[in-house]
Amino acid sequence: MTDKIQRVVITGVGAVSPMGVGTKALYEGIAELRSTATMITKFNTDNHRVKFACTVPDFELHPDIDPREARRMDPFAQFGMTAAVEAVKDSDLHDNADPDRVGVLLGTGIGGILELEIQLRRMYEKGPRRVSPLLIPKMILDIVPGLIAMRYGFRNVNFGIASACASASHAMGEAFRHVKHGYADAVVTGGCEAGIVECSLAGFSNMGALSTRNDDPENASRPFDKNRDGFVMGEGAGVMADRIPRAREETWSEHPCGDRRIRRFLRRSSYYRTRSRREGREASHGDGARGSRSIAGRC
Amino acid sequence: MSAREEILNKVKDIVAERLRVPRENLKEESAFVDDLGADSLDQAELVMELEDEFNFQIPEDEAQEIKTIKNAVDYIIEKMD
Chain A
1 MTDKIQRVVI TGVGAVSPMG VGTKALYEGI AELRSTATMI TKFNTDNHRV
51 KFACTVPDFE LHPDIDPREA RRMDPFAQFG MTAAVEAVKD SDLHDNADPD
101 RVGVLLGTGI GGILELEIQL RRMYEKGPRR VSPLLIPKMI LDIVPGLIAM
151 RYGFRNVNFG IASACASASH AMGEAFRHVK HGYADAVVTG GCEAGIVECS
201 LAGFSNMGAL STRNDDPENA SRPFDKNRDG FVMGEGAGVM ADRIPRAREE
251 TWSEHPCGDR RIRRFLRRSS YYRTRSRREG REASHGDGAR GSRSIAGRC
Chain B
300 MSAREEILNK VKDIVAERLR VPRENLKEES AFVDDLGADS LDQAELVMEL
350 EDEFNFQIPE DEAQEIKTIK NAVDYIIEKM D
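Same order as they appear, the protein sequences are chains A and B.
Residue numbers for the first sequence, in the working numbering: 1 to 299.
Residue numbers for the second sequence, in the working numbering: 300 to 380.
I should point out that these hints are in silico values taken from the structure, not numbers from a laboratory.
Every residue, glycine too, gets a C-beta built ideally from N, C-alpha and C.
Just so you know, not all the hints are guaranteed correct.
Stated by the list, open to error - Which bits of chain A does chain B cover? Going by a derived footprint, with three or more residues having C-beta under 8 angstroms, they are: (1) 63 to 71; (2) 132 to 138.
Claimed, not checked - When the alpha-carbon atoms are kept at most 20 angstroms apart in a straight line, the in silico EDC-like pairs for lysine to aspartate or glutamate are as follows: (3) K42/A / E198/A; (4) K126/A / E352/B; (5) K24/A / D58/A; (6) K126/A / D338/B; (7) K126/A / E350/B; (8) K326/B / D380/B; (9) K89/A / E69/A; (10) K369/B / E359/B; (11) K126/A / E323/B; (12) K378/B / D351/B; (13) K369/B / D338/B; (14) K226/A / D215/A; (15) K378/B / D338/B; (16) K126/A / E344/B; (17) K366/B / D334/B; (18) K126/A / E359/B.
Please model the complete structure; the sequences and the hints are all you need to start from.
Right, here's the structure in full:
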């Protein structure tokens, strides 16, 4: 622990997104300005008002993760772990940090909602004795920070953060603070979500939060546009490793997928604060802000 | 195929699927925890699957005694009789 306020740098990134698996796919997709909104095929949407979303195509678990472990993970955790393994491998945490000084803080809005849906159906159809003993470890919101810590032996701060659409932003802000103020040397942080399941699609849709442009999914997501009619659901995970810099030049190495510009931006995001808004719950959903606001900027 | 073999095959299918173990590695004496890497949650799930497949309920104290594939097969045969 040190009294000095630390600079915080990002030394590793990992992603699972509707652009594909990995930061390279994400970066290339953004560079191409590609829309990923498509018709939902993983369940029948005949009776749903909204029939499209940004789903992860052809998801493959990170090859370092044992499929036996993955059997115990809801898709949201599989996304999170795949991004986390990529981020930690990309960083210098796995072989160059004191595990007692490395924490994990990840955000998710609704966690393992698919598993909850499956097990609720089982319980109503077959009775409570048929509910899987894996329900709780598969659905709880803080399972991914736990899994990451168990995998790498990181023993510093560890919990999940839930603040709707701002969950991952809050997690990254809190991770930043933990490192900045010396509570940890490094924190693995970010968020993961796999909420495109029947009941949550219906829930968001029925509260009027989603765009209903079923005839034009590609142009449905249009924040700040006067013809915006709601948000488009997405899924995936983004994880990064925040740490105190060991040496200035080490943080500037060229990333294999050429995302140096992204890093530069994140590195400059050097303050973070949150505050509550006065508006009610209905004002918060779908606008990425919830009842509180995360702000990052340069100081 | 004898009735026992049939049950053995079904149990092996369930164990291979649940514990993600190659089916050819499964022997009758394979122990779920010691040989196949299962833990208490896996065991609880296995028992639930056996109950579903063979259509009977296994009381908790008896479930704890089912530690190997052979134990499971013997238990099922006994119940069916």
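Outcome of the hint check:
For the segment 63 to 71 of chain A, the stated coverage by chain B holds: 3 residues have a C-beta nearer than 8 angstroms to a C-beta of that chain, and at least 3 were required. With a cut-off of 8 angstroms between beta carbons, the segment 132 to 138 of chain A has 4 residues touching chain B; three or more are needed, and the interface restraint holds. Restraint check: the Cα-Cα separation between K42/A and E198/A comes to about 10 angstroms, which is no more than 20 angstroms; the hinted pair holds. Annotation: proposed proximity of K126/A to E352/B holds, straight-line Cα distance about 14 angstroms (limit 20 angstroms).
Distance check on the hinted pair: K24/A and D58/A sit about 15 angstroms apart at the alpha-carbon level, within 20 angstroms; holds. A threshold of 20 angstroms between alpha carbons decides the hint, and for K126/A with D338/B the separation of about 25 angstroms lies outside it, so the pair is violated. Among the hinted pairs, K126/A with E350/B is consistent with the structure: their alpha-carbon atoms are about 12 angstroms apart, no more than 20 angstroms. Taken as a hint, the K326/B and D380/B pair is broken in the structure, with Cα atoms around 24 angstroms apart against an allowance of 20 angstroms.
A distance of roughly 19 angstroms separates the Cα atoms of K89/A and E69/A; the hinted pair therefore holds under the 20 angstroms criterion. Using a Cα cut-off of 20 angstroms, the hinted pair K369/B and E359/B holds, with the two alpha carbons roughly 18 angstroms apart. Distance check on the hinted pair: K126/A and E323/B sit about 33 angstroms apart at the alpha-carbon level, beyond 20 angstroms; violated. Distance check on the hinted pair: K378/B and D351/B sit about 14 angstroms apart at the alpha-carbon level, within 20 angstroms; holds.
A threshold of 20 angstroms between alpha carbons decides the hint, and for K369/B with D338/B the separation of about 18 angstroms falls inside it, so the pair holds. About 19 angstroms separates the Cα atoms of K226/A and D215/A, which keeps this hinted pair within 20 angstroms; it holds. A hinted pair counts as satisfied when its Cα atoms are at most 20 angstroms apart, and K378/B with D338/B does not qualify at roughly 25 angstroms. With a C-alpha separation of about 15 angstroms, the suggested pairing of K126/A with E344/B holds against the 20 angstroms cut-off.
Note on K366/B and D334/B: the hinted pairing holds, with a Cα-Cα distance of about 10 angstroms set against a maximum of 20 angstroms. Of the supplied pair hints, the one linking K126/A and E359/B holds, its CA atoms being roughly 18 angstroms apart against a limit of 20 angstroms.
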